[in-house]
Amino acid sequence: MKCQHCEKPATFHITELTDDVPEELHLCEEHARAYLMQADLKEDDVPSIAGALAQHLKINEAAEQLAKLDQQACPLCGITFYEFRHVGRLGCPHDYICFEDEIDPIISNIHSATAHVGKKPRGAAEGTDKRTELIRLRREMEQAIQVEDYEKASNLRDQIAGIEES
Amino acid sequence: MFLDELVGNGGEWLKGTGPESDIVISSRIRLARNLSEFPFVRKCSDSDKSAIESRVAEFINQDSKWSDPVCYHRVDEMNDLDRQFLVERRLISRELAESNGARSVLIDAGEKFSVMINEEDHLRIQAVQSGLDLTETWHRINAIDDFVDSCLHYAFHPRFGYLTACPTNVGTGMRVSVMLHLPALVMTRELEKVFRSLQKINLAVRGLYGEGSEAMGDFYQISNQITLGKSEVELVQQVNEVIPVMIEYERKARDFLLRESRDELSDRISRAHGILQNAKTISSEETMHLLSSIRLGVNLGLIEVDLPTLNRLFLQTQPAHLQKMVGGRLEIADRNIQRALYLKKSFNIDEN
Numbered sequence: 000m001k002c003q004h005c006e007k008p009a010t011f012h013i014t015e016l017t018d019d020v021p022e023e024l025h026l027c028e029e030h031a032r033a034y035l036m037q038a039d040l041k042e043d044d045v046p047s048i049a050g051a052l053a054q055h056l057k058i059n060e061a062a063e064q065l066a067k068l069d070q071q072a073c074p075l076c077g078i079t080f081y082e083f084r085h086v087g088r089l090g091c092p093h094d095y096i097c098f099e100d101e102i103d104p105i106i107s108n109i110h111s112a113t114a115h116v117g118k119k120p121r122g123a124a125e126g127t128d129k130r131t132e133l134i135r136l137r138r139e140m141e142q143a144i145q146v147e148d149y150e151k152a153s154n155l156r157d158q159i160a161g162i163e164e165s
Numbered sequence: 000m001f002l003d004e005l006v007g008n009g010g011e012w013l014k015g016t017g018p019e020s021d022i023v024i025s026s027r028i029r030l031a032r033n034l035s036e037f038p039f040v041r042k043c044s045d046s047d048k049s050a051i052e053s054r055v056a057e058f059i060n061q062d063s064k065w066s067d068p069v070c071y072h073r074v075d076e077m078n079d080l081d082r083q084f085l086v087e088r089r090l091i092s093r094e095l096a097e098s099n100g101a102r103s104v105l106i107d108a109g110e111k112f113s114v115m116i117n118e119e120d121h122l123r124i125q126a127v128q129s130g131l132d133l134t135e136t137w138h139r140i141n142a143i144d145d146f147v148d149s150c151l152h153y154a155f156h157p158r159f160g161y162l163t164a165c166p167t168n169v170g171t172g173m174r175v176s177v178m179l180h181l182p183a184l185v186m187t188r189e190l191e192k193v194f195r196s197l198q199k200i201n202l203a204v205r206g207l208y209g210e211g212s213e214a215m216g217d218f219y220q221i222s223n224q225i226t227l228g229k230s231e232v233e234l235v236q237q238v239n240e241v242i243p244v245m246i247e248y249e250r251k252a253r254d255f256l257l258r259e260s261r262d263e264l265s266d267r268i269s270r271a272h273g274i275l276q277n278a279k280t281i282s283s284e285e286t287m288h289l290l291s292s293i294r295l296g297v298n299l300g301l302i303e304v305d306l307p308t309l310n311r312l313f314l315q316t317q318p319a320h321l322q323k324m325v326g327g328r329l330e331i332a333d334r335n336i337q338r339a340l341y342l343k344k345s346f347n348i349d350e351n
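Residue numbers (numbering that gives the first Met the number 0), protein chains in the order written: chain A, 0 to 165; chain B, 0 to 351.
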């Protein structure tokens with residue numbers, strides 16, 4: 000893909016989350032830098048995911064690091080970091096854990112805070128890890144059914160039922 | 000309860016009662032919630048969406064669980080007109096109306112709360128109240144949330160709070176918003192200035208139908224921008240604190256108009272009344288614009304029109320409401336004629 004502003008290849012794919020519809024930008028390093036610097040200057044605007052990432056990764060190293068980061072995928076729902084940046088929406092609750100290091104600065108930039116205060120659900124103490132595991136199990140079960148591995152599918156079904164009832 | 004039964008009445012938020020209701024239309028709070036065991040909606044397979052829909056419905060679609068009667072509608076099985084009708088009443092979002100796959104909404108008979116299933120998040124719970132009363136709205140939605148929490152497992156992170164598909168909603172998952180009618184600030188062109196100062200204190204301003212909608216009929220919603228790092232009560236307080244200031248600004252602008260240009264203002268309101276009573280064809284935008292002038296006139300004592308009737312007209316002259324009232328689909332040109340007829344009838348009944 001080419002940069003929106005010149006003929007160079009687009010190595011930065013930025014999704015702005017400030018409006019209702021996410022705005023996508025595809026830029027070369029040079030134009031990305033110009034864009035991000037400009038974004039930093041607009042203080043009144045809602046902090047953007049792009050701005051937060053720019054602060055997190057030093058711009059000069061960003062292209063390479065980002066490319067590596069983009070390939071990382073959540074083991075439960077399968078969303079890649081690239082896809083998250085592209086659409087501005089996460090894939091499942093576990094993404095907050097598996098992309099924690101990357102999401103942390105984004106969250107702190109958006110909310111000017113890093114920790115929740117306020118209401119907690121009844122199961123807050125035991126955590127939700129066991130139940131999010133169901134996302135992976137269901138995905139694997141669907142895959143097993145597709146390749147007609149019914150024994151595996153049936154085992155998975157039992158595991159799922161076990162967790163669902165707990 | 001069938002949707003058609005709702006057509007004739009104005010809905011909780013446009014009732015026009017409650018504290019400061021000449022300026023404050025309604026108080027609304029929504030909570031974004033997700034179940035821990037499914038991907039967020041955008042990454043759901045069709046079977047995931049169906050599973051979420053039936054799992055949630057199993058618990059919440061029961062009259063015995065609620066103090067008021069409720070009705071449950073599958074949005075994916077509805078026709079376009081009914082979807083748009085619910086959007087106009089603000090019982091569902093445009094996003095829920097326009098997305099695909101299994102999705103639904105639970106509405107209480109008094110339209111004081113609704114629960115959307117499979118919108119951007121698995122659950123979007125909203126409570127609404129006529130006039131300014133965010134504290135009461137919070138108590139009500141908190142109780143609804145406790146009930147849903149007792150049936151299902153919410154996705155929650157010890158540090159990030161309630162987990163949402165978009166990181167802009169994480170933490171409390173809560174949006175507190177107050178809808179205001181600000182015609183005088185619009186006329187005196189002071190609104191921009193006021194809104195800019197609100198943005199500086201992390202409050203957002205949106206039009207009548209949320210993000211991206213233009214401010215129809217001079218209605219504006221003021222809501223919290225951030226959702227993490229402040230408790231629910233603090234978020235309510237943050238919005239609560241600024242509303243009296245907004246009310247004060249609007250009242251000052253109204254006083255200014257009365258003092259400096261009473262004749263002009265009075266003329267404008269009477270003309271608006273004249274057009275609404277006599278037009279043969281009229282668009283929804285023009286109607287909203289003129290109704291807004293009349294609403295201002297009533298509140299300033301410059302014209303006598305029954306306020307509940309007026310509030311209802313804001314809703315009933317919108318496209319889907321109008322089509323449901325005449326009993327079928329209409330092209331735009333025919334809608335504009337029917338709208339004019341309906342307005343004429345409503346204003347004349349009011350005067351007899």
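It cannot be assumed that every hint is accurate.
To be verified - Going by beta-carbon spacing under 7 angstroms, a handful of chain A positions derived as facing chain B:
no.: 1; residue: 1
no.: 2; residue: 80
no.: 3; residue: 91
no.: 4; residue: 92
no.: 5; residue: 110
no.: 6; residue: 112
no.: 7; residue: 114
no.: 8; residue: 116
no.: 9; residue: 122
no.: 10; residue: 133
no.: 11; residue: 135
Calculated directly from the structure, the hints in this document are not laboratory data.
Think of the CB as a built atom: it goes at the ideal place given N, C-alpha and C, for glycine as much as any other residue.
Hint check:
no. : hint : verdict
1   : 1    : violated (28 angstroms)
2   : 80   : violated (13 angstroms)
3   : 91   : holds (4 angstroms)
4   : 92   : holds (4 angstroms)
5   : 110  : holds (4 angstroms)
6   : 112  : holds (2 angstroms)
7   : 114  : holds (5 angstroms)
8   : 116  : holds (5 angstroms)
9   : 122  : holds (6 angstroms)
10  : 133  : holds (4 angstroms)
11  : 135  : violated (10 angstroms)
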